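Sequences listed follow chains A and B, in order.
So the first sequence is numbered by numbering that gives the first Met the number 0: it starts at 0 and just counts up by one.
So the second sequence is numbered by numbering that gives the first Met the number 0: it starts at 0 and just counts up by one.
Hints were generated in silico from the structure; no laboratory data involved.
This one's a predicted model, so the numbers in the text were calculated from it and none came from an experiment.
Glycine is no exception: its CB is placed at the ideal position from the N, C-alpha and C atoms.
All clues stand as given, with none of them false.
Among the chain A residues that face chain B by a calculated CB cut under 7 Å, a handful are:
hint, residue
1, N76
2, W86
3, F261
4, M271
The calculated lysine to aspartate or glutamate pairs, modelled on EDC-like cross-linking and capped at a C-alpha distance of 20 Å, are:
hint, chain 1, residue 1, chain 2, residue 2
5, B, K157, B, D8
6, A, K218, A, D322
7, B, K114, B, E27
8, B, K83, B, D128
9, B, K132, B, E144
10, B, K114, A, D260
11, B, K114, B, E133
12, B, K114, A, D179
13, B, K83, A, D179
14, B, K23, B, E135
15, B, K146, B, D75
16, B, K136, A, D179
Partial list, computed: chain B residues near chain A (C-beta under 7 Å):
hint, residue
17, T39
18, D69
19, P97
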Amino acid sequence: MKTTSTSARRHARIMLWSAVIIVVGAVFLPLASYVYVDLVSANAAAAQDANPRANYWRAIREGNAGYTSASGPYTTNVLIQNGGQNWRQLRNGPVASYTPWILAIVVLLIGLFHLIKGPQKLEGPLSGKTVPRWSLGERVLHWYTAVLFIILSITGLSLLFGRAVLIPVLGPQGFGAWADFAMLLHNYLGPFFVVGVLLEILAWMRFNIPNATDWAWIKKGGGMLSGEHVSAGRSNGGEKIWFWIVATFGVAVCVTGLILDFPNFGQTRETMQLTSIIHAIAAIIWVAVSLGHIYLGLLGSEGALQGMARGRVSVEWAKQHHDLWYEEVKNTATAETGEPAAGGSEAKQAG
Amino acid sequence: MARMKFLCDAERCIECNSCVTACKNEHEVPWGVNRRRVVTLNDGVPGEKSISVACMHCTDAPCAAVCPVDCFYTTDDGIVLHDKDLCIGCGYCFYACPFGAPQYPQQSAFGVRGKMDKCTFCAGGPLADNSNKEYEKYGRNRIAEGKLPLCAEMCSTKALLAGDGDMIADIYRQRVLKRGGRPQTWGWESAYGASG
Ligand code: SF4
Ligand code: SF4
Numbered sequence: 000m001k002t003t004s005t006s007a008r009r010h011a012r013i014m015l016w017s018a019v020i021i022v023v024g025a026v027f028l029p030l031a032s033y034v035y036v037d038l039v040s041a042n043a044a045a046a047q048d049a050n051p052r053a054n055y056w057r058a059i060r061e062g063n064a065g066y067t068s069a070s071g072p073y074t075t076n077v078l079i080q081n082g083g084q085n086w087r088q089l090r091n092g093p094v095a096s097y098t099p100w101i102l103a104i105v106v107l108l109i110g111l112f113h114l115i116k117g118p119q120k121l122e123g124p125l126s127g128k129t130v131p132r133w134s135l136g137e138r139v140l141h142w143y144t145a146v147l148f149i150i151l152s153i154t155g156l157s158l159l160f161g162r163a164v165l166i167p168v169l170g171p172q173g174f175g176a177w178a179d180f181a182m183l184l185h186n187y188l189g190p191f192f193v194v195g196v197l198l199e200i201l202a203w204m205r206f207n208i209p210n211a212t213d214w215a216w217i218k219k220g221g222g223m224l225s226g227e228h229v230s231a232g233r234s235n236g237g238e239k240i241w242f243w244i245v246a247t248f249g250v251a252v253c254v255t256g257l258i259l260d261f262p263n264f265g266q267t268r269e270t271m272q273l274t275s276i277i278h279a280i281a282a283i284i285w286v287a288v289s290l291g292h293i294y295l296g297l298l299g300s301e302g303a304l305q306g307m308a309r310g311r312v313s314v315e316w317a318k319q320h321h322d323l324w325y326e327e328v329k330n331t332a333t334a335e336t337g338e339p340a341a342g343g344s345e346a347k348q349a350g
Numbered sequence: 000m001a002r003m004k005f006l007c008d009a010e011r012c013i014e015c016n017s018c019v020t021a022c023k024n025e026h027e028v029p030w031g032v033n034r035r036r037v038v039t040l041n042d043g044v045p046g047e048k049s050i051s052v053a054c055m056h057c058t059d060a061p062c063a064a065v066c067p068v069d070c071f072y073t074t075d076d077g078i079v080l081h082d083k084d085l086c087i088g089c090g091y092c093f094y095a096c097p098f099g100a101p102q103y104p105q106q107s108a109f110g111v112r113g114k115m116d117k118c119t120f121c122a123g124g125p126l127a128d129n130s131n132k133e134y135e136k137y138g139r140n141r142i143a144e145g146k147l148p149l150c151a152e153m154c155s156t157k158a159l160l161a162g163d164g165d166m167i168a169d170i171y172r173q174r175v176l177k178r179g180g181r182p183q184t185w186g187w188e189s190a191y192g193a194s195g
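Please build the complete structure, drawing on both the sequences and the hints.
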């Protein structure tokens, strides 16, 4: 009797202690991982202190600068710079492989438009009366910048895509000679081009401020697909988009171009890497949009080229494309006798 | 076929710049162009360490990947060389190179770069071996003469090693074993002799 009661009491005590141990263990064992992490990080800290060699290599891999007695414009005191590989991968990867598609898609869209819708013809017979649109100064500025733009586009694209596209055609020597000339041209003409772009922005900012008319114009796509007349002032919505592409992407190209063109102001390699990527992407977008501008100016809008070539446009063209502006300037319309009126010859051919 | 490599032993380099001087002299490198340089980290602080660095003749060379005129080539020995007759001095290889190896003689104002110049592992360039033209453009071609790069040959502490990658790795491995500090080599010296 006595023995059973003691054994029962012992059982109870064992159960109680087991329960206590289980509860305490369940609460505290998971916390042991914190202790473990603490120990490990303490070890790591100790290793950092204890292994100067590892610290040294770590510092080098992080691109830290040291001291070097060698001096020269391209001599650096950094043992390893990591940005170069990233730049290489960005430039040779996405930039070189995706941007040609932007150009290709734009060319395709223009081609489709030309084939399906065709150029916008002038409607109705020409009266021979013209209104002034671009002053001589504006025309000189436009063509100065345009010629430089074309040269810089061709030379710039040659430097980015020539290795893939032109070396197979011209051979290494032939392309080397062209690339040498192209880079010189690109670098020397660049600053002159920047001046042209900035003057254009200053000269034409005043009639490229967006307004509600432009929004209506843009929503209707300028009537280019439907063929209807959409109201527009001196500049229509499309022209303003082109202006602001120049004022944003164009300015980005100019600024980055100057940074790349004058490497003698202590730019770091990281600066040059980033700058060259921005320059390439912005420039290709600019070139792509310019193809639309060139198409509309040369072929897409009959009579428009006369304005930038001779300075005057036919009143019919002005009414058709810039009705609000025509209302402002119609009292300056004059009949020109010596020269054919703007757009006249094509209009006659078009019947 | 050998795969040429450089290796600089940071435990040995004493920043004497003999390699830099030897290179400049051997190849008549112009002012401001450093095919090799010594960089010291923690200069003047206990534990400072120096490394002599030049073109490392990378396997998948970033310089070659970005060159717009594709003027780099790798020799059978794994040496990365370039053709100065094609180079246009665009500077891209300098932006891409991890080691800052490509150099440019300053040609005129506005930071116009001349043709890129860099360490050739003393192997000249694409012109006829040991011709005058090759020497003028690329420096001495010691490899064609059966010699190794002069920088490493001149190194007084033999910190800078140049040659077949397997051989210099073996030399370096032996040094590390000799220096000890790691228990893996316990008993090796008594069991197998000093040369391991
Ligand atoms: S120049 Fe630079 S990237 Fe090219 S092989 Fe030499 S170390 Fe490598
Ligand atoms: S500087 Fe010369 S070698 Fe270097 S990427 Fe430009 S063209 Fe090629």
